[in-house]
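Student: Each chain is listed here by its residues.
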Amino acid sequence: MNLTHYGFKTAMSAFFEMETELASRLLPKHLHPLEVKHGSAIFAVTAFDFTDSMVGTYEEIVLAVIVPPLVQPGAAFPKSAFYPFLVGTSTEASRLHAIERWHLPHHMADVGVRFQEEEDRLQVAVHEGKSPILDLEIGAHMWHQADDLYQSFMIDGDRQFKVDIHMRGHFSEHEEETGSLILHPHAMTRELDPDAIETIPFRELWMKTGKQTFEELETLETV
Amino acid sequence: MTENRIVRLEPTAPRSASAPAPAARVHDGQLTEYDYSNFYWGTGEDPFVILQPFREWYDQAHQWGYYQFGQPLQTAPRTTVDIVEAKGRERLDGLINFASYNYLGLSYRPEVIAAAQEALAVYGLGASGSPILSGTFDLHEQLSEELADFKGTERALLFPTGFAANLGAIAGLMRPGDYVIADQYAHASIVDGIVLSKATPRFFRHNDMNDLEKKLRRCDGKKLVVVEGVYSMDGDIADLPAIVELCQRYEARLLVDEAHSAFLFGEKGRGVVEHFGLEGQVDIQMGTFSKSLGGIGGYIAASRSLISYLRGFARSYVFSCAMPPAIAAGLRESLRLCRQEPELRARLWENVELLQGLLRGAGIDVGNSQSQVIPIFVRDDQRIFRLGEELLHAGVFLQPIRYPAVSKHQSRFRISVSAAHSKEELERGAEIISQVLGRHSS
Chain A
1 MNLTHYGFKT
11 AMSAFFEMET
21 ELASRLLPKH
31 LHPLEVKHGS
41 AIFAVTAFDF
51 TDSMVGTYEE
61 IVLAVIVPPL
71 VQPGAAFPKS
81 AFYPFLVGTS
91 TEASRLHAIE
101 RWHLPHHMAD
111 VGVRFQEEED
121 RLQVAVHEGK
131 SPILDLEIGA
141 HMWHQADDLY
151 QSFMIDGDRQ
161 FKVDIHMRGH
171 FSEHEEETGS
181 LILHPHAMTR
191 ELDPDAIETI
201 PFRELWMKTG
211 KQTFEELETL
221 ETV
Chain B
1001 MTENRIVRLE
1011 PTAPRSASAP
1021 APAARVHDGQ
1031 LTEYDYSNFY
1041 WGTGEDPFVI
1051 LQPFREWYDQ
1061 AHQWGYYQFG
1071 QPLQTAPRTT
1081 VDIVEAKGRE
1091 RLDGLINFAS
1101 YNYLGLSYRP
1111 EVIAAAQEAL
1121 AVYGLGASGS
1131 PILSGTFDLH
1141 EQLSEELADF
1151 KGTERALLFP
1161 TGFAANLGAI
1171 AGLMRPGDYV
1181 IADQYAHASI
1191 VDGIVLSKAT
1201 PRFFRHNDMN
1211 DLEKKLRRCD
1221 GKKLVVVEGV
1231 YSMDGDIADL
1241 PAIVELCQRY
1251 EARLLVDEAH
1261 SAFLFGEKGR
1271 GVVEHFGLEG
1281 QVDIQMGTFS
1291 KSLGGIGGYI
1301 AASRSLISYL
1311 RGFARSYVFS
1321 CAMPPAIAAG
1331 LRESLRLCRQ
1341 EPELRARLWE
1351 NVELLQGLLR
1361 GAGIDVGNSQ
1371 SQVIPIFVRD
1381 DQRIFRLGEE
1391 LLHAGVFLQP
1401 IRYPAVSKHQ
1411 SRFRISVSAA
1421 HSKEELERGA
1431 EIISQVLGRH
1441 SS
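Residue numbers (the working numbering), protein chains in the order written: chain A, 1 to 223; chain B, 1001 to 1442.
Just so you know, the hints here were simulated from the structure itself, not pulled from any lab data. One should not assume that every hint holds.
Unchecked claim - Quick list of the computed label-pair ranges, beta carbon to beta carbon:
1) A:T199 - B:D1365: 28 to 36 angstroms
2) A:D158 - B:S1134: 35 to 43 angstroms
3) A:W143 - B:A1242: 19 to 27 angstroms
4) A:P185 - B:K1198: 47 to 55 angstroms
5) A:H184 - B:D1365: 32 to 40 angstroms
6) B:Q1370 - A:T209: 46 to 54 angstroms
7) A:T178 - B:H1440: 18 to 26 angstroms
8) B:R1249 - A:I182: 49 to 57 angstroms
9) B:E1350 - A:P185: 17 to 25 angstroms
10) A:R159 - B:P1047: 49 to 57 angstroms
11) B:K1268 - A:T178: 43 to 51 angstroms
12) B:E1427 - A:I182: 24 to 32 angstroms
Where is the CB? At the ideal position from N, CA and C, for every residue including glycine.
Just chain B, same shape as in the assembly (with noise of 0.2 angstroms):
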C-alpha cells in the first residue's frame, strides 16, 4: 500500500542573518501558552526526533508550573498528608488533602490492611500469571463472585486496572462498522478501547439528549453507547433514565462507567444505576476498585454471556497478569466494609454538602456538580499553576487539572471529598481555596 509520509523538511538549511531569529525558542512569555499538544509530531524520520525540543520546553515548564503533577506523597493518602514539594524541595507537612479519590477512607482502614497483610503472608507478592493461565487464585474468585451480588449482576470480570477494564470491554466487543456512541466527556480509556476496537466513533455533547438522539438516528448498525455514572472531572451525573429511554427506542447497548460513582450512588451504594432504579435496564457496568474501594483494579459487571464472551475477547485481561491475590483480600474487605457500613456514605453525603455550600457561598464556580467530585474553574491556564502554588504553600493539596484531561479552556482544579474528612478541614480547606482565589480574582 502506497501511503503518503512525511519523511524530510526542504530547506533544512540554518535560518539566514535576514530571518526572524529565533534568540530564545521558548522564552517565558510563550513557555506559558505550550502545553503537549505543541509537541505532537517533529520532522524527519526517526520518531524519537520529537523528545529534544520536548525535554527543552519540559524542563522549563516544570519549574513553571508542572512540577505540581505527581508530587510524591510521603504519607498513606488520609485526609491530610506530608508531600515533599518538587520545585524547591521544600518538605510541606499537614497540608489538607482534597486531591486523593478515596471517598470512603478506605485504603487505610486497619481491617483492610490486615486482610491484605494476612493474604501478602500466604500468597506472596504477585499472581505470577494471567487470569487465564495461571493468575487467578480462589481470591480472585471470591471477590468476583461478591461483587456481582453486590451490583446484583450474575457475573463480574476482575481487571488488572479500571482502564483495561473499559479497553477489553470496549474492544472486545465492538467490530469495524459498529458504533460506539460516547459522551464528549467520557474518560481515555473508552476513547483508547473505541479506537482500540476499530469501530466508528461517535461523540455527543455532553448530556445532551438531543445531540446522542441526532448521533444515534445516524447511526445504522450495531450500536454500543457508553456514558460515566458521574463525571469524573465536573462531578455531574449522567442523565441515566433519559439515555436509557433512548437505548431503547434506537436499539443501542448501553455501558455505564461506574469508576466514581459505584459504592457510593444509591440506597445500597451499588451506584448511579441503582440511584435511577436503573438495574436490570443496563447492559454493561463498569467500575474501579481505586477509588471508593481504596485498592487497584477494573471490573466488568453484566450477564453471564457477555462476561464469557470478554473472558476470550478482551486482550487486556487475557494477556495481564492478574490483580495481585493481596489486593484481591483487601478488597473484598472494603467491599464487605462498604456493604456493613452505609453511615460512610451518610458522611460522605452530609460532606460533600457542606464543602459545595461553602465554596458556592464564597462565590467560587464549582460548575454542575452534582457529588464528591468537584471541580474549582479556574478557566486559565496561565494562572492555574501560581494558584496551585499558593494553595499547597497554605496548606492545601489541590491538583491543578489541564489539558489533555480536560479542554484546552477549561482548567480547574479537583476537589475530591471524602467521607473520612472532618468538618474542621473542609471548612478550613474552604477558607484557604476562597482566600486563594481571592487574591487572584480579576
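Looking at chain A on its own, in the form it has when it is part of the complex (with noise of 0.2 angstroms):
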C-alpha cells in the first residue's frame, strides 16, 4: 500500500454548530451531515503549517462539514469524517497536488495562514495578499502523544472517493469553548452565511510535531 506523509509544525482544528440547512447544501448527495443536535451539524476549520511533504513547505486551510465516518468490518474505527468543501494553500505545487492526488476542491490562488503561538493560545490568520479570509483562535488543555484515524470524502464530477488518514503527534483536544472565528467577506467564504455559523467553537483541537498520513485513495462505486 502506497502511503503518502505530510509532516506538520503545527495543526489545529475548530468545530463550530451550523445550520443543517446550510451544510446540506454544501454536501454531495450521498453524505449526510452529523447534526449536534435538530438542526445544527458541524462546520470545521481546520489549519496546517506542513512542513515536510513531497511538495515542499506550505500552509493549508480546509473548511469541511463532519459526517458519519464509514465503518469497514475488520478495519480500524475511525474517530469522525469530514467532507472537505473548499481547500485553500500557500503554493499553486500543493494545490496541483492535492488536487490530483486526492480530487480536494481548490480556491485557486496562493492563501497565506499565519500561525501565531502564545502560550496556550493559538492564533491563526488567513489571507489572500491583503485580503482577510478568516481569523481563527484556539486555546489548549492537556496535552497527550495521540494516533487518530479520520476520513475524508471527496467527489469529482459523479465520481466518489474516500481516504483514511492517519493524524499523529502531541495532541490536546478540548470542549472549553475558548476559541473564536470571524468569517470575512472573500471568495473562499462566499457560501457560508454568517448567520448560520457559530462564532465560538465547541470543540478545539490543536496538534504539535506531527505527521499525517494518507492511505490509498478509494473509490466509492456508483450506481
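The task is to assemble the complex, starting from two chains supplied on their own in separate frames and drawing on the hints.
Tutor: Pasting the structure below:
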C-alpha cells in the first residue's frame, strides 16, 4: 500500500455549530451532515503548517462539514469523518498535488496562513494578499501523544472517493469553548452565511510536531 | 429513478505491512471518544454489515459506562429504589431515586393500583384491537372526556404512548410543502413526526424568539410551530407568550408539547398554557400519561374538528392497539387525585425550590432550570460515566444523559424531582452529588 506522508509543525481544528440547511447544501447527495442537535450540523475549520512533504513546505486551510464515518468490518474505526468543500494552500505545487491525488476542491490562488502561538493560545489568520479570509483562535488543554484515524470524503464529477487519514503527534483536544472565528467577505467564504454559523467553537483540537498519513485513495462505486 | 448509492469499496484488500497497523480497532483511549454517531453506516450491500463493528465497540463501551443505561429496577419507582447494578451484578438497595419522572408519586398510589387491578379483573390484560375497530372501551371514552374537561378543550384523543401522539398529530396534519418550525431542543417524537409528514423542517435556536421570527418570516405557506412547555433535558420553560404572539402575527398554528408540564403547572395544573394564561390561544396541546400521572400513553387535546380529523389521519392512532383498559382505569384515578389534591403540586414546587437552592448553593451548574427537571451539567462525555458509577455506589440513582439525547458537548445528569421526595432525601441526595462532583472538579 502506498502511503503519503505530510509532516507538520502545527495543525489545528475548530468545530462550530452550523445550520443543517446550510451544511446540506455544501454536501454531495450521498453524504449527510452529522448533527449535534436538531438543525445544527458541524462546520470544521482546519489549518496546517506543513514542514515536510513531497511538494515542499506550505500552509493549508481546510473548510469542511463533519459527516458520519463509513465503517468497514475488520478495519480500524475512524474517530470522525469530514467532507472538505473548499481548501486553500499557500503554493501552486501543493494545490495541484492535492487536486490530482486527492480530488480536493481548491481556491485557485495562493492564500497565506499565519500562525501565532502564545503560551496556551493559538491564533491563525488566513488571507489572500491584503484581503483577510478568516481569523481563528483556539486554546490548549491537556497534552498527550495521539494517533487517530479520520476519513475524508471527496467527489470529482460523478465519482465519489474516500481516504483514511492518520494523525499522529502531540495533541490537545477540549470542549471548553474558549476559541473564536471571524469570517471575512472573500471568495472562500462566499457560501458561508455568517448568521448560520456559530462564532465560538464547541471543540478545539491542536496538534504539534506531527505527521499526517494518507492511505490509498478509495473509490466509492456508484450505481 | 437512478440513484447514487454506495455498494462497494475499492480496494478491499487487507492492509499491507507498510500500512499503519490498527492493532486494536478500539483501544481504551479511543473508546471514550466514540458514540453512536461513529456507527451510522457501513460499507457493502448488506444492511447488517454495521452490526459486527458496532457490537465490537459496544461490548467494550457497555463495561466502560454504557451499562448505566437501562439498569433494571427491582422495586416500584418510589423515592428510593433497589437496583442490580449491570456491571458487576451487585445489588444496591435504598438508592435515592432522582431518575424516575414520577413527578407526583402517583404510579404507586394505592388508589391508582386498586383502580387498575379492578379493571384488570373485568377487562383483562390488553385492548385486543385498534381504537377505531374493537380497541375502544368505555374506560377510554371516560378518560378522554375527563381529560378534555380538565384541559378545557373540546376533545382529547388518546394514544398508546406520548411518542405516538406527537408522531400522529404532526404527520397526520402537515403535508409536503408545508413548514414545521420547531425549537432545536424538541423531543425526538416531534422530529420524527416532521420527517414522517414530509413537511419542510425548520429548527430555531432554543427559546430564541428572534430566530423563531427569522424562520417564520422565511416560510411561505402553511406553518406549524412546535415547542415544549418544559424542555425535558434542560428544565427551562418555553417563552410561550412571545411564541403565541409570533404565531398570530405570522399566521402559524401552534402545538405545545406538555409532556413535562401538564398536571404540574398552572393553578389547576393544566400545564404551561394555563400558567401563562394562554388557554384558548394554543391550537394543539399534546401531553403524556407516563410522567405526572404515572402510567403510559399520550394525548392530543384540541378542537372537536381537529380531533375528528386526526382520528382518521393519525396513523400511530389508527394502526396501534389501544392503551390497555387497566391503564386507562389507573389513569382516571390518577387524574382524579391530581384534580382533588392540589397540595401534591404545592409539595412538588417546595421540593424543587429546596433542591435547586441546595445544588446552586453548592456551586453546581444546573443551567436555566425553572422546573422539576434539573440538569446537572458535566459537559464531558468521558467523565460522566465515572461520575455516574460513583454516584450509584454513593447512594444516588441518577441517569447520565449523553449524545444523542442531548448535544454532543452537553452531557449531563438529569434530576427528576417528585412531590413524594422527603426533605431528608433531597438534602442527602444534594450532599452526595456535591461530594462526588467535588472530587472530580478540575
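Student: Going back to the hint list, which numbers does this structure go against?
Tutor: The structure breaks hints 1, 2, 3, 4, 8, 9, 10 and 12; every other hint is satisfied.
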